[in-house]
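Asks: Here is what each chain is made of, one letter per residue.
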Amino acid sequence: MATATAPATPRRAIESGVPDNKQYLHPTLKKNYGNWKYHDRPRPGVLHHVSHSGEEVWTVRAGTQRQMDVHTIRKLCDIGDKFADGHVRFTIRSNIEYMVADEKKVAPLIAELTRNGFPVGGTGNSVTMIAHTQGWLHCDIPGTDASGAVKALMDDLHEEFIKEDMPNRVHMSTSCCEINCGGQADIAIIIQHTKPPKINHDLVANVCERPAVVARCPVAAIRPAMVNGKPSLEVDEKKCICCGACYPPCPPMQINDPEHSKFAIWVGGKNSNARGKPTFMKMVASGIPNNPPRWPEVSEIVKKILYTYKADARPWERLSDWVERIGWPRFFEKTGLPFTKYLIDDWRGARSSLNASAHIRF
Amino acid sequence: MAKKMHSTPMLDQLESGPWPSFVTGLKRLAKDNDMMVDLLGQLETSYETKKGYWKGGTISVFGYGGGIIPRFTELKDEAGKPKFPDAAEFHTLRVMPPPGMHYTTDILRKMCDTWERHGSGLIAFHGQSGDIMFQGARSEKVQDAFDEINQLGFDLGGAGPAVRTSMSCVGAARCEQSCYDEATAHRTVLNNFLDDIHRPSLPYKFKFKFSGCPNDCMNSIQRSDMAVIGTWRDNIRTDEKLARAYFAKHGVTDLVNDVVSRCPTKAIQLVDASKIPTGPTISAVKVSDTQAIAIENSDCVRCMHCINVITGGLAPGKDKGATILVGGKRTLKIGDLMGTVVVPFMKLETDEDREKLVDLGKRIVDFFAENALEHERIGETIERIGLVNFVEGVGLEVDANMVATPRTNPYVRADGWDDEVARIKAKKQAA
Chain A
1 MATATAPATP RRAIESGVPD NKQYLHPTLK KNYGNWKYHD RPRPGVLHHV
51 SHSGEEVWTV RAGTQRQMDV HTIRKLCDIG DKFADGHVRF TIRSNIEYMV
101 ADEKKVAPLI AELTRNGFPV GGTGNSVTMI AHTQGWLHCD IPGTDASGAV
151 KALMDDLHEE FIKEDMPNRV HMSTSCCEIN CGGQADIAII IQHTKPPKIN
201 HDLVANVCER PAVVARCPVA AIRPAMVNGK PSLEVDEKKC ICCGACYPPC
251 PPMQINDPEH SKFAIWVGGK NSNARGKPTF MKMVASGIPN NPPRWPEVSE
301 IVKKILYTYK ADARPWERLS DWVERIGWPR FFEKTGLPFT KYLIDDWRGA
351 RSSLNASAHI RF
Chain B
1 MAKKMHSTPM LDQLESGPWP SFVTGLKRLA KDNDMMVDLL GQLETSYETK
51 KGYWKGGTIS VFGYGGGIIP RFTELKDEAG KPKFPDAAEF HTLRVMPPPG
101 MHYTTDILRK MCDTWERHGS GLIAFHGQSG DIMFQGARSE KVQDAFDEIN
151 QLGFDLGGAG PAVRTSMSCV GAARCEQSCY DEATAHRTVL NNFLDDIHRP
201 SLPYKFKFKF SGCPNDCMNS IQRSDMAVIG TWRDNIRTDE KLARAYFAKH
251 GVTDLVNDVV SRCPTKAIQL VDASKIPTGP TISAVKVSDT QAIAIENSDC
301 VRCMHCINVI TGGLAPGKDK GATILVGGKR TLKIGDLMGT VVVPFMKLET
351 DEDREKLVDL GKRIVDFFAE NALEHERIGE TIERIGLVNF VEGVGLEVDA
401 NMVATPRTNP YVRADGWDDE VARIKAKKQA A
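In order, the protein sequence lines correspond to chains A and B.
If you're matching positions, the first sequence starts at 1 in my numbering and goes up one per residue.
If you're matching positions, the second sequence starts at 1 in my numbering and goes up one per residue.
Treat each hint with caution, since some may be false.
Stated by the list, open to error - Think about it this way: if two alpha-carbon atoms lie no more than 30 Å apart in a straight line, the pair counts; the simulated DSBU-like pairs of lysine-lysine are:
1. B:428 - B:356
2. A:262 - B:333
3. B:83 - A:195
4. B:31 - B:4
5. B:31 - A:277
To be verified - Simulated restraints on C-beta separations:
6. A:108 - B:254: 43 to 49 Å
7. B:151 - A:31: 47 to 53 Å
8. B:384 - A:340: 29 to 35 Å
9. B:254 - A:104: 30 to 36 Å
Just so you know, the hints here were simulated from the structure itself, not pulled from any lab data.
The beta-carbon is built from N, C-alpha and C at its ideal position, and this holds for glycine as well.
Go ahead and model the full structure; you've got the sequences and the hints to work with.
Replies: Here it is, written out as structure tokens:
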């Protein structure tokens with residue numbers, strides 16, 4: 001007969017916080033910490049940094065799928081052990097970087113990465129890896145997938161990742177709802193809901209804290225109501241802007257719609273302070289179908305925008321700089337995208353986005 | 001060997017093409033992991049129906065309130081049983097990365113071994129807030145996985161209404177534009193907020209981000225509540241050898257079009273090498289025997305553009321530090337907000353300097369905790385109460401660097417004007 005054993009006392013967490021990165025730094029980086037002088041890029045995917053001490057380090061950057069199985073990570077580690085003294089780092093856009101102090105290792109490292117299916121690039125004026133979200137794989141409120149849409153797009157843009165042929169760097173992001181966890185980008189792909197939430201009135205009372213849901217709505221379109229004798233919520237559909245803010249605190253207010261949740265495309269976000277101040281991206285297209293597994297309609301518009309920019313922008317112009325020069329009417333003309341009334345902002349502060357001048361390009 | 005794979009015709013289409021395929025990775029894990037077999041089944045269903053099937057819940061590790069993202073499947077049959085039972089629980093551990101996201105292969109392998117033992121074997125480097133995301137653990141395995149990861153020297157990140165995981169750029173470790181020790185600042189600040197990271201009790205999330213220069217590679221102005229961005233106060237440094245090397249390669253056309261004319265404040269001029277202006281705020285360097293560039297540093301806004309183009313030939317000054325901006329966030333609920341300046345410059349060289357940064361962070365987070373409405377970010381609080389109330393509330397002085405322009409409307413009660421002028425005067429005299 002089995003005897004019940006008292007549960008072992010749980011281990012108390014070591015509240016160690018952010019680990020010290022000194023223990024993980026490549027020896028050449030550690031030695032020259034804070035003492036770098038300049039860098040250049042001998043070829044796409046490779047950075048060459050020179051220290052005030054005269055020491056040099058070459059960095060080889062390669063794309064990854066971000067959501068990695070342990071076998072892929074171990075393969076990347078094998079390559080790091082073979083070429084980079086067992087040290088690696090990741091960029092904010094999920095590219096992996098290998099640092100080598102010996103220039104002779106660069107070419108064989110590139111060959112090894114390429115042979116194993118990791119594209120070398122993402123530096124300088126390339127289209128680097130797309131910043132993305134979780135999507136259907138793990139998110140609780142996604143309107144679409146993230147990893148799949150990114151895989152499909154990066155397959156299409158592979159050549160632009162491994163080359164540095166753009167006028168300036170191109171950062172892209174995808175987001176599976178309007179919360180936009182993917183962030184501001186030169187070109188961003190974001191779900192845009194087009195219908196008010198469908199409410200499962202049987203569940204609201206048990207699942208949702210109704211005053212909190214009412215408070216969450218940016219346009220005060222939600223109010224408490226009795227529906228079929230049960231306490232629930234109702235939405236003033238004329239006021240509703242279909243943002244989906246009510247859905248996370250109240251899942252019975254289903255905002256995702258396989259047919260009516262569309263994609264919108266935004267352009268001209270820039271985080272850097274270089275030249276102009278940072279800019280928010282602007283919506284330039286919507287109504288694009290959510291069409292897994294490869295979202296071809298999205299790719300087509302993204303590529304149209306990207307290659308129009310590539311052909312027309314001057315050196316160092318980010319997408320936002322380019323549009324600032326040519327103007328929005330010409331942006332729509334050149335890309336062939338329709339300018340509709342839905343692209344004129346009517347949110348608070350919207351007047352600052354209107355043309356309060358006689359500045360017109362003809 | 002794991003159980004039989006489900007048919008996944010949609011996902012199969014994401015295995016071809018030149019970019020690394022996450023589907024191929026998932027399938028490889030599924031060879032000996034039933035959870036991944038069923039995860040593929042549920043994901044394929046999402047691709048077919050265009051619906052998500054995860055719901056949240058409450059899972060945490062002993063002693064903490066946050067850091068785990070619980071996921072339970074909602075994809076069930078008529079009897080209420082999960083259609084893909086081995087992936088019915090698929091929780092994520094958010095783990096804070098080292099500053100600059102540097103690793104040894106040794107530590108990565110140990111993470112892989114742990115996650116193979118206790119989880120699905122799927123790890124994301126990194127999530128959008130910078131966490132290493134260990135994706136896919138059953139409820140009963142979460143504590144075991146955390147115990148091992150914790151003993152490797154790593155700790156859980158933030159989730160919910162908490163101080164969140166932070167990120168810093170590669171910075172001083174490998175970048176000539178670094179204006180402070182990003183890694184030490186990142187670590188010092190975050191590790192002073194561990195209680196607020198692990199035990200969510202703020203009105204909403206609060207994010208710090210650390211970028212070493214105004215190129216802001218961590219996107220901190222747009223996506224953090226408190227952005228620490230490196231900058232400098234003195235003159236741009238020059239190196240004639242590297243400036244000449246740029247010119248020899250690019251010539252005068254590129255120099256004019258790409259550098260001089262792209263300066264946002266027209267602080268750079270192309271000058272004759274025989275007439276180089278001098279003065280305490282001028283940086284000048286010859287690019288050839290006949291031509292030079294001259295920068296009026298008091299007009300320069302430290303945007304980084306010319307330094308990015310002529311890296312090494314031009315470089316940040318030596319009197320380095322950071323600008324602090326507060327209030328960045330995206331969309332919900334009032335629309336996008338950029339962070340705005342609250343401290344134009346502070347030194348970040350010594351432990352004492354960093355203590356001042358921690359103290360500022362604490363005052364701001366305390367103000368946030370006491371004054372923000374539920375589910376309101378600090379940028380929204382500032383929008384609601386006005387920047388002056390915020391600045392005074394956290395004990396800072398107003399500064400003309402905080403605005404793009406002074407006010408354009410007259411709707412303000414200004415009967416305190418004389419007292420305020422007298423106060424500023426007295427303070428100046430005392431300093």
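Asks: Between residue 428 of chain B and residue 356 of chain B, does the CA-CA distance stay at or below 30 Å?
Replies: Judged against 30 Å, a Cα distance of about 21 Å means the pair holds.
Asks: Does the structure keep residue 83 of chain B and residue 195 of chain A at a Cα separation of 30 Å or less?
Replies: holds, 29 Å
Asks: Between the alpha carbons of residue 31 of chain B and residue 277 of chain A, is the straight-line distance 30 Å or under?
Replies: violated, 50 Å
Asks: Are residue 254 of chain B and residue 104 of chain A spaced within 30 to 36 Å by their CB atoms?
Replies: Holds, since residue 254 of chain B and residue 104 of chain A (Cβ atoms, about 32 Å apart) stay within the stated range.
Asks: Just to be sure I understand the hint, the distance between the Cβ atoms of residue 384 of chain B and residue 340 of chain A should be within 29 to 35 Å; is that true here?
Replies: holds, 32 Å
Asks: With a cut-off of 30 Å on the C-alpha distance, tell me whether residue 262 of chain A and residue 333 of chain B pass.
Replies: This hinted pair holds, its Cα atoms lying about 21 Å apart.
Asks: Given the hint that residue 31 of chain B pairs with residue 4 of chain B, test it: the Cα-Cα distance must not exceed 30 Å.
Replies: The hint holds at about 9 Å.
Asks: If you check the beta carbons of residue 108 of chain A and residue 254 of chain B, does the distance land in 43 to 49 Å?
Replies: Violated: the Cβ-Cβ distance is about 34 Å, outside 43 to 49 Å.
Asks: I want to verify a distance hint. Is the separation of the beta carbons of residue 151 of chain B and residue 31 of chain A within 47 to 53 Å?
Replies: Roughly 29 Å apart at Cβ, these two residues miss the hinted range, so it is violated.
In terms of the numbered hints stated before, the structure departs from hints 5, 6, 7, listed from lowest to highest.
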